[in-house]
Amino acid sequence: MKSSVIVFPGSNCDRDIAVALKKMQFKNQMVWHKETKLPKSDLIVIPGGFSYGDYLRSGAIAGKSLIIEEVIKAAGSGCLILGICNGFQILTETGLLKGTLLRNKNLKFINRDVSIKVLNNSTQFTNKYKDDQILKINIAHNEGNYFTDQDHLNELKNENLIAFKYCDEKGNVNESSNPNGSLESIAGILNFRKNILGMMPHPERMVDEIISNKDGINLFSSLLN
Amino acid sequence: MKLILVKQYQLNLKKNKLKFSVIVTLKKDVLDPQGKVVQNTLINIGMNKLKSIRQGKHFEIDVEEEDASTAEKKVDEMCKKLLVNLIIEDYKIKKI
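Residue numbers (the working numbering), protein chains in the order written: chain A, 1 to 225; chain B, 1 to 96.
Do not take every clue at face value.
Claimed, not checked - Derived DSBU-like pairs: lysine-lysine, alpha-carbon spacing no greater than 35 Å straight-line:
#, chain 1, residue 1, chain 2, residue 2
1, A, Lys37, B, Lys81
2, B, Lys81, A, Lys34
3, B, Lys36, A, Lys136
Read the hints as simulated data drawn from the structure, not as lab findings.
Bound conformation, chain B alone (with noise of 0.2 Å):
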């Protein structure tokens, strides 16, 4: 029983764990006020080379698969189920 149990610990510390960064950002057509309100701060505080900001969120996955390009479909799809709203947002994905 407790070979089984090392030689499973093994199989499990060769595979791979694929981690992403995503990256959501409200559409370019779509007010940010959050967004706004940050930059107009950053100029009231001297920063008048600030041209403009738009606020995002940040998501960093761990994803158990052994093929990069499976593991990256599986995180497209966690955006498009629940991490993102479509019709606001766009996502970028990035392997890190």
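Bound conformation, chain A alone (with noise of 0.2 Å):
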């Protein structure tokens, strides 16, 4: 399977998330955003980090920029997007998906694992995790806080669009359970088509025991399914 990764000043997680899908065997090109055309792919990632230092809004500056054209382009033709962190925020401001990611609702920036839920199982992204699996997986933002409006939360309902949701460790969705105070705990969601996430954790740090744990390794096995 053919990757890449979209790389703008100030992204952090790129060189990461290359790891990652090298060890899951994935054949990865990194694209600088100054780039008018994509090479071949079947999946782009748009990685974490703080692209333009946050200036504007995050992910405001980036969603403009040349290889964004091409990536819209891409996803329209039904090419797999995964947007992680900033990347979410990026695709976003894009429009590829709904909402906005507001500040943390401490005002803090969080940086620590915590457990979400698997809520949709039968996505490209999700299919070799069980239904309602829990994961331990790290998060580290200060605008990760979900929003949206009356109509598109409905639609992400309606069409199990919410891929995974905060919970606690025995899978509890409450309010003590969510970090930044996201609409109904949402942490990552997929488009219409479901061929886009979004997603505010990090999978791409959670493949190698050595330094966290392996929960995020069936998101890139189930791509490659």
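Since each chain comes alone in its own frame, lean on the hints to assemble the complex.
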């Protein structure tokens, strides 16, 4: 499977995701944001970081870069797109995913491992996980508080487009297990066509027992499936 | 050549430079945690009469256009395309 990782000034998880993709046997290429052509890819990853120093709004400037037009075209033709953390913020700024990510409710940058629950395991991104499986995955963000309008929230629920929710270790979803104030404890969503996933947690940080755990591996093996 | 440059310069001087102010604020039903902290701090230092504070952003924009309404349309386009996230923010354009 061929993958491309888009790199912006200020991206800082681009090499982490490249290591994870390589480990999972993806043929990966790094693509600088000023490129106007994308290499042939089955998967495009918009990595985490602080593109353009979060100027204006997180992801706002990166969302208008040259390569993004190509990403939008690829998304339209069904290419799989994964946006992690700042990548999720960028995807909402481009309009590929609806809604937006507000400042964390407690106004603090949160960097810790949290539990998330797999709500939909019948997607290209999650098919190797069990339904309702609880994963321990790192989050590291200042703006992860997902917000959208009521119509879109209804669509997310009715079409089963919520991929992950924050929960506690036993899988309970409630206010105390919601780290950032995100609407309905949403940690990751899909677009209507289910070829685009945006998520705040970092699966690429959870692919090796030596430094963390392997809870993120199945996201990549799902893509290969 | 010099004459052309001088004429060009004079023409440029004639062109109207219009200035606009754009104020961007969070929509009413969107939580504004920064505004809340600022509000609480002001109350803590004795501003008892303070009712509420919402924090926003301010842009000053110069547009090289002769016609004010065309210029304002351009500023509006800038807001919609980049400056404002219409899902969570409102904006007001003012000529200054």
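So, going through the hints one by one against the coordinates:
1. Distance hint between Lys37 of chain A and Lys81 of chain B is fulfilled; the C-alpha atoms sit about 23 Å from each other, no more than 35 Å.
2. A C-alpha spacing of about 20 Å is found between Lys81 of chain B and Lys34 of chain A, which places the hinted pair at or below 35 Å, so the restraint holds.
3. The straight-line distance between the Cα atoms of Lys36 of chain B and Lys136 of chain A is roughly 32 Å, inside the 35 Å bound, and the hint therefore holds.
Of the numbered hints stated above, none is contradicted by the structure.
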